[in-house]
Each structure stands twice: as structure tokens, then as C-alpha cells.
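Visitor: Given chain A, put chains B, C and D in place with the hints provided.
Each chain, written out:
There are 4 protein chains.
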Amino acid sequence: MSVDSQDSPAPIVVKPGPDYPYVYSRYLEPIATVPLGVPVEIYTEDAFESHLYSSEQRPSEVLGKYLNPQSGPIFIEGAEPGDTLVVDIADVELTRDWAVSSHIPDFGGLTSTTFTRTLQDPLPEKVWIYRRQENGRFSYTDKFSVEPHPFMGTMGTAPDLEVLSALTPSKHGGNMDVRDICAGRRAYFPVNVPGAYFYTGDCHAAQGDGEACGVALEITGKVTVTFGLIKGKTVTWPRIESAEDIMVVGSARPMEDAARIAYAELVGWLVEDYGFDKWDAYQYISQCGKMYVGNMVDTYYSVVGGVRKPRPEPL
Amino acid sequence: MSVDSQDSPAPIVVKPGPDYPYVYSRYLEPIATVPLGVPVEIYTEDAFESHLYSSEQRPSEVLGKYLNPQSGPIFIEGAEPGDTLVVDIADVELTRDWAVSSHIPDFGGLTSTTFTRTLQDPLPEKVWIYRRQENGRFSYTDKFSVEPHPFMGTMGTAPDLEVLSALTPSKHGGNMDVRDICAGRRAYFPVNVPGAYFYTGDCHAAQGDGEACGVALEITGKVTVTFGLIKGKTVTWPRIESAEDIMVVGSARPMEDAARIAYAELVGWLVEDYGFDKWDAYQYISQCGKMYVGNMVDTYYSVVGGVRKPRPEPL
Amino acid sequence: MSVDSQDSPAPIVVKPGPDYPYVYSRYLEPIATVPLGVPVEIYTEDAFESHLYSSEQRPSEVLGKYLNPQSGPIFIEGAEPGDTLVVDIADVELTRDWAVSSHIPDFGGLTSTTFTRTLQDPLPEKVWIYRRQENGRFSYTDKFSVEPHPFMGTMGTAPDLEVLSALTPSKHGGNMDVRDICAGRRAYFPVNVPGAYFYTGDCHAAQGDGEACGVALEITGKVTVTFGLIKGKTVTWPRIESAEDIMVVGSARPMEDAARIAYAELVGWLVEDYGFDKWDAYQYISQCGKMYVGNMVDTYYSVVGGVRKPRPEPL
Amino acid sequence: MSVDSQDSPAPIVVKPGPDYPYVYSRYLEPIATVPLGVPVEIYTEDAFESHLYSSEQRPSEVLGKYLNPQSGPIFIEGAEPGDTLVVDIADVELTRDWAVSSHIPDFGGLTSTTFTRTLQDPLPEKVWIYRRQENGRFSYTDKFSVEPHPFMGTMGTAPDLEVLSALTPSKHGGNMDVRDICAGRRAYFPVNVPGAYFYTGDCHAAQGDGEACGVALEITGKVTVTFGLIKGKTVTWPRIESAEDIMVVGSARPMEDAARIAYAELVGWLVEDYGFDKWDAYQYISQCGKMYVGNMVDTYYSVVGGVRKPRPEPL
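Residue numbers (UniProt numbering), protein chains in the order written: chain A, 1 to 315; chain B, 1 to 315; chain C, 1 to 315; chain D, 1 to 315.
Chain A extracted, bound-state conformation:
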């Protein structure tokens, strides 16, 4: 999939750095201002700002205080609070032939953490370097290899009142770590501030549902998006649309709250845009919904609830 064609406008290229923000903030200076309807190629660092590259390293010795550098903020022309930012994701390109995963102390889904506190010792620190094989798959071992499914772990807009860590997923998007923020999807985010202040980053060559150890196949990337706006109408939580499906990402703890958000918002979407009665919508997701876990490791856990776009049918 590519945005390059004779009819397309020349893409705008956004190369951030060397100083990356580690927050979703309305108070930072935009690194670019872009119009609607034009492909924008955004380069992104990996979650460790490329400081982790060898299985000999120990994350606690190498990494700085903050994780997850973002490419942004990008000012979207015409975006006003109360609008919805529409992001068509044309392509997520991996710009490196290796990816890194690791154990970070007190972080992950199958360990105690700084919030789910125990008196146990943390898991041992480890680093894995996955290399792209000739068949295109990523591997560090003969036990298994990983089919690439490139997507952006983080994407979203600046919150209105708060400045949130790039490790946090919430209503504004952020660190959702859901595999449907990938090529071919349209994402919707709330516009909270003039210009929306779009950020993205945390490219994953692949990731299992839940991102169990907390660290996917972290890699540098280039994401190509085109921005649009729905004027005067906002979304409360991030939405995703594919050719077939509509989806909502809920982020909260406990995980059931994330699940409730995703499905309750989906009911609302069906009522607003598909002419459903509220109880019919509840029935539809009850019988046809799909729900997977995006992450079970971040400051909030993200759950994706989706359903096929309904098509009227004769009884």
C-alpha cells in the first residue's frame, strides 16, 4: 500500500528530533504545520530512542528517565476544539532490519509492577534483538519467528487540560498499543486544542495482544497518514474504522472498565451514525461484537471492541 501516485500531491515529510517529547502536551512548539488532505510521512524513533541494541545491555543501566519518544506535536490546519481529527493511515514502514524487546524491571503483564505492588523480586532484566530473516520474519531464536505486522503503538492528540506521559493511553489516544493502528485503517481522535497537536510514535514491527512483557518488537519507522476533520462533532474515545469494521479503543483499569468503555461507545456510534435504537445496538454487539486486548501493561489497559458495519437486510 502506498500513497505515491501521479495524482497524489507530493507528501510532506516530517523528521523530528533530536529532542523528542515524552508527553502529549499542548504547550510544546509544533514541529510541523500540515494541511488537510495531503499525505504526511512521519519518521519515528523507537520506544528506547535507539539506546537499546544489544542483548548484553541492561535496560536499567542504559535507559534514561523517560521512555517512548514521540514525533510531534504536528499542528493540523483548521482543527478546532470540538472537531474530530480523522487520520487515514496509508502505510507503516519499518526503517530498520532489527527490532528490540526486553524486560524492564517492575513493568509488564506477568510481573508485579509499580502499581500492582508485591514484595517479590522483579523478573531478571533481559534484552532480545530480533533480526529480520530472509523470509521477512523477525527472530532471535530457532524456537519461533514473528510475522511482521507493523503498527504504531502510540497515536493521538493533545489533551485539553493535562499533559500526559507518552506511556499513557486515554481518551486522547496515546499509548494504546493496539494492532489496528496500522496501514489501511482510519482513526478518529478528539480535537481538544486549536491545531489538534497530533503525536505518534512507538512503531512496532509486531506485537501480541496485550503486549504481555510490556515491550513489543520496538523499531524505528515511517508512518504515512492523511489528515481530515469532522467539523463541530467530537469523539469521546478513539475510534478506528476498517473497510469492514468499526472499532473503539477503551483504556482504563480495571480492564473491565476498558471493555465497558469500548462497547458503550460502540453502542453510541451505532445509534448516532447507523440509525440503531439503543437496545438494538446492545443486541448487535452482544451477538456480533469482537473484543481483544491491546495492552495489559501500560498505565491504563487498552481493549478494542469492534463489530461489522451493519448492512440492512430483508427479514
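Hints are computed from structural coordinates only; laboratory data are not their basis.
Hints should not be assumed to be uniformly reliable.
For identical chains, the list gives no copy identity; a pair is met inside one copy or between any two copies.
Said to hold, decoys possible - Keeping only pairs whose Cα atoms sit at most 20 Å apart, straight-line, the calculated EDC-like set for lysine to aspartate or glutamate is:
hint, residue 1, residue 2
1, Lys290, Asp180
2, Lys309, Asp91
3, Lys231, Asp88
4, Lys290, Asp245
5, Lys233, Glu77
6, Lys143, Asp277
7, Lys222, Asp160
8, Lys222, Asp277
Just so you know, these numbers come straight off a predicted model, no measurement behind them.
Guide: For chains B, C and D alone, coordinates are given in the frame of chain A:
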């Protein structure tokens, strides 16, 4: 899919009733004793024992004190505590051309419940009768219709010490409401008592992930299974195997505990049966795992964590 | 505090064993049948059936499959389903001069558990023997000593449909581990079966809120209670009354569900018995409620919500 | 209780407004710079900036977009990142003879919320004006009255990286809503930025544990504090000390994570400052800890775990 063939032994037919148990109990008299390796056809009532059949009814007036009648217990010859019961599911046949869903007061995923208590009024009671259409799909409205995916909402064995409601999913299986308890799957349950005391029921013509309103397309059914045993080795939580995947069902609250159980058990499975080092297994599910929500409505919530069966590959 | 007086009827003495139930079950043979209004002295084993008595022992080597032996069932004359069992607790006497606490693998509030699963090693097994000092306090070290506050960790009635482990607290009472099940309190439990089938056990010489490591000062005891009935009216969750306060014990996970249950039931109690409007009751607990954590270690966590008995006052 | 004495330095008076921050932010201009060791009297607005004063009002029509105006930031001379800010609370004075509580739509402990989403209608909006009676108690009805216990619902320091809503409690303190932030207590907060950037507000004339409906007796106030520093040593979560007890406030969801944080930090405190072995500390809180719910309504729930200061005793 069918077990009928010239070489197959004649199936054993188990027709339960008229008195159905509403528990998973070791103290009940078996309704059948079956050998290993022979197809067993088990007829099942719907979750409302067929008392709900019209959209004019109000569940609170019609339904009795207990829900979810089970077909069982079935005594499995040769099963001893410490073994694993292997259940090959050949077929789930729907034995009715209509299914029922409903709102039950204080029950469901998008309402307060008897545990997630609020001071709000409950959702209005409602009943929907879905009828099978000429195209095979189920519908009650022109807004949407449902592709059948028949599966058993409940399946499992008697616990050791406790007698648990048929509405409860836990280590013994029970009311997991996960769509992979369907034709073509092999399920594994712990054997806690001599004869295992197998139960099943709660056939669903289809169900969305999470069973959002708490009631799927409830229907009568006939499930065809063949039993096997793994002697002297037990599973702690229910496992499922397809041609491609291995899966574990965790049931707990909050939902993240169900997710942790599913993935932690999956790590154990990879270590035990696939020769994985523990950290390789954690990496494998971190990068390749799939995780969906079975139910977010029952006394415990069920989450399925799965992964492709690993195949050694050259580096 | 004592029930012995010249006017009191002679107390009934209930000495259970040697075979103790490890469940709350309606299916067991009563060990005693007692009338209303007469003091009943019930002897209880400690949670380890006295098998743990030395800091040299390892719990995993010494303990059997089940924990928390109960004294019961005791058949209460006249109790019928739909009634409320009233239990006036006159005294909890410690019948030993030492108590035991320990680390049980994968059990406790500051460790991963069989439900909150992680890949970490469990905490080391340990046993502490606390001895009663001359000043009446319990101690094993010069770092601290413990003022006795004897109470019963478990108390309740048989559930209707299920047989539940004596480790489980729920609507029927059971393993709540709340310090207000002590002398001078009146407790209320639902009657689910004829005779109520009362059980108690798990005497604690003292316990901190939450029972953080999962094991209090476990000790043998003798509890003196007098039973009463409220006919034709039941409670949904256990209630406790002191001279000054009314309290409800909610048991659930996540812990906020236990908290919601306790306060929602308290609102109901104020409406039913104290003539409160629902919103006044909600205001009253919002401004005057007390809420402490009973246990954060058992199969459900128990939270106690209470408030002063309201007294009308001139404006 | 008063800081006025002949030897005391004259107190510094901080009167904020008219523009109040609704965040804990390092990026705002300090409203005052204060030295260590001098009493500081800080005036505070109520949580609704005094816009809610009649039971005829509807909060959704009257209130602005943000709640919980703060008095701050106050720059503390000499405070550097890595220090601990010590706050001795001498007095919390109520500066009004009435207080207000209310139902805010989709907010509170016994209602669905914007995170615990359901499809039910919200509770009806209501406002209650409590007036101080001649006996000093607050009341709006003859059903009950409330003994004042003035405390500050919010207090803390600016986070390092983020800007957080004044409705959020976390590691920095903030909207903890715990009744031990009152006169006679010493509170400890982390210093994350030069000058600490201290904020306080949300004075409560009284509040029940959990702040069940989400709104306490909200009132304007004047809090008198004296600041100190522990140089070169920080606390991870807010700590409180009284003459008898040490306490930690954990804020998280689910509520058990808040409880784990509070007790795990308390274990650490006993190890660091009282010479306890880790397992002795775990035993001490297991047998002697107290744990109450501060709030079950805010963006994170706050739980207070405390224990008597240990005193060595002869065996």
C-alpha cells in the same frame, strides 16, 4: 462436520431431563457412564430451560430461581483425580430454528449488577426472539442479522471440594462462554473426582465476544464429543487446542487477573510441551499471542489467551 | 464479657471434630441442633487444624490439601429460608497461649497469587509462633508485640445452591476476616436452607486490616453466641450491629465492588429500617460513613462499610 | 490548635485568585514563595469555586468545564528534586457557615461513571446545602447531622513530567480525599521540581470514608502549614504521620492496587526508618495494620494504610 462414518462406532446418545442440575457437583447421580474413544451425542436445554420464547414475556416473571440447566453429570470410565480429561468436539448442532436473547435485571456487561452495585434503576427487561432466515442467519430485525457460530457456553468437570453454580466459570471450566468451545476443537479439563463428572450445556447459536448483554443466542442443541484421558497429569485451567493454535481460558475478576491466568498458563504449556525456556515463552506470547474476551458478565469474567503452535525454524 | 449469670439458661456446648468440614454446605450432617435464645459455646480449631506449631516447619510440607476447618453445621431450630439469622456474639475466648502466622506460597496481599498470576518466584515460606506475654500481648520478636483483639475469621450460613470453600467469603458470610465479628456485636446472615446450617471457625487472636500476608494470629478458640431469627425477612449480605453502629460486609473482586456492595446495602438498610429517603441515605454515608478493609487476600476481598445509627435531631 | 505564640514568626498569608489553576503543574507562575519553618496561612476556594450555593441549582447548568480550583503553586525555598517536602498541618479553619454537596452526573461511588460505563440513566442531579447549627454540627435535614472534621481534600506537589488534573490523586498527592490531611498531621510529598510547587485546596468540613457520592461537605477554608525538607531523600507515595501512627496513601485502580501500594510502602518505611527486617515488617502490618478507604470516586481510588509507630519491647 460429522462423526458419522462406516468405521466409527455407533454414537452413544445422552438425553437428559426432565430434572436438570444447575450446578457442577460431584454429589449428583450420573445420568450416563461412557467409555473413552466413542462418540457421545449429548442433548442440551437452553439457558432458560425453554421458558422464554416470546418478546411479550418478562424474564423476572417467567424464569425460576436458577438459570443454565446442565446435561450431566456424565461419568467417564477410567478417569481418576490427577488425570486430564480430553474432549474432542466433533459437532455442535442447533436443534431449533429460533434462539432467544434478553435483558435480565441487574445482569450484563453494560449495566450495574448484583456485584457492581449502583443506585440506578436497572435496564428495562426485554426479550428478543431471533428466527433462522432462509439464508441460515438469525434475525429479529432488518437492522442486522447474525451468522451462526454454534458453540457450548458451558462445559467442564465437577470441582473437588465445592459445588459451583452453572453460572460460574472457573478452573473446572463451567460457564466460560468462549466461542472456541466449538466443533473442531479439543478441550482439556482437570479431573478432580473419579469419573470426572462431565457437564455441558448453554448452547449458543452465536455470541459476540464478551456476551455484552449477558445473554447470547440461547438455543437447544446437540453436541457430539469423544472423550480421552491423559493419565497422571492434570491441567490447572481449561485448555483448548485447534489445528493451528493452543489456548487457555482464564476466569477471574478483575478482568486483568483472567488475562494474567490465561497467558501465565500458556507460558507453562509452552515450557512443558514445546521445550521452551520460560523467558522465550514469555517473548513468544508477547509478540505473537492473541487474546479475546469470552464473557464480561458472569460471576467471573473469562479471557482466552492463545498462540500458534510453535514450529522450529532455521535462523 | 460473659453470658454466665444466675438467670441465664445453662449454655449449650458444641465441641466439633475430629472430622472438620472445609466447606459451607447444606449437605452435611449437623453436629448439633440448638434452640433460639440460649447461649451456645462453640469450640473451634485454628485455620491449620493445629498442624503448624513451629517456625522450623514449612507449610507446604505440613499442611493438607484444605485449610480452614469449620465448626458446623449447627442446625438452628425454627430457621426457614427467607428468614434472617441473628447471632449475638457474647464472647470470643482464646483457648491457647500461642498463635501462629505464616507465608503460604502464592497466597497473600503483597505477593502474586494463583489468580493474580506472575512469572516471579513466590515469597519464601516462613512460620512465626507468637506467644502470649505476661502483659497479655502476643509476640515473637522484640520489634513489636500485638494487643489481642479476638474475633472469628469465618462465620455464616450454608448457601442455597452451592457448596463453597471455607476460604471464601460471600453473601452467606464465610471467610470474611473482619474484626467486627467479635464480642459485643450482633451479626445477621441470610437463612437459605431449613435450619440455617450455621458454621464458624478461624479464630484470630488479632489481625490487621486486610490480613496482609493472608495469615492472622491463628489460634484455637471458643465463641459464645445466642441465636435469634427475624422471620420472613432476609438480608442479602452479612450485616453487623454494635451499640453505636450499623455495618455491612461486602465481599467481591475487584475491591471496589466489595466497597460498592457494602455501601449500597447500607443505603438499603437506612431506607428500610430508619425511614430514610434513598438520597438522604446516600448523603448520610457520603458524609459520615466509615469503611475499612477486612481482607485483601481471600478468594474475594471483604470491605466493611458502616455508619452511626442515625438519631433524629432538631434542625 | 494554633501556631500563634509569642515566639512564632508572623505567619505568611497566601490569598490566591481570582484565577485558580485546575491542575498540578510545574509550568505555572508561583503565587507565593515561602521559606522553611514559617507558618503559612493559605486560603482556599471550595471545589465548585463557590458557584454552587442553592438546592435549586442544577450542577450541569451552573458549573464550568473544570472542578476543584487549587491554591498554588507555592514555591518552597530550597526544595530540589530528590528531596522530600514535609508539611506540618497546624490548623484547618472553615471560613463559611455552610457547605455544599451534590450529585454530579456520571460521578460518584454508587453510580456508573465515565469510566465504569453502563447504558443506564444517570442519577438525578441534586444539590444539598448544609448549614452550621448552633451545636456546631452541619445539617440540612432532621434525619441526621454531621460532626465537623475539617481537612484538605487535595494537597501535594507538581509532578515531574506531567500536568495532572486537580481531580486526580497519584504519587504527587493531589485529590486524595483522605481525612488524615487534617490539623495535627505531618504529611510528606516528593519534590519533583525546583521549589516543589506546592498546591492545596478542596477543603471539606467533613467527609465519610470513600466520599461515596463524590462530593463531601465542600467549603472554603484556611489551612495553616509549616514547610520543612528532608534533603536528598524522597518518598515515592504520600506519607502521613500523627503522634501515634505512620500512614501511606496509595491511589490506583482497581482499589486493591491502591491497598497494595499503601501497605508495600509502609513495609518499606518500617525497613528504612525503624530497622525492621522486611518479613517482620510484613508481619507487623499483617497483624496490626489499619486500612481505610479515602475515596472510591476520583480518577484513582485512594486507600490509607497505617500502623502504630513501633516501640521496641522486652520479650
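Visitor: None of the hints should be skipped; say for each whether it holds.
Guide: Results for each hint:
no., hint, result
1, Lys290 to Asp180, "both (13 Å within a copy, 13 Å between copies)"
2, Lys309 to Asp91, "neither (23 Å within a copy, 30 Å between copies)"
3, Lys231 to Asp88, "within (16 Å within a copy, 51 Å between copies)"
4, Lys290 to Asp245, "both (10 Å within a copy, 18 Å between copies)"
5, Lys233 to Glu77, "within (17 Å within a copy, 47 Å between copies)"
6, Lys143 to Asp277, "between (50 Å within a copy, 9 Å between copies)"
7, Lys222 to Asp160, "neither (27 Å within a copy, 30 Å between copies)"
8, Lys222 to Asp277, "neither (41 Å within a copy, 34 Å between copies)"
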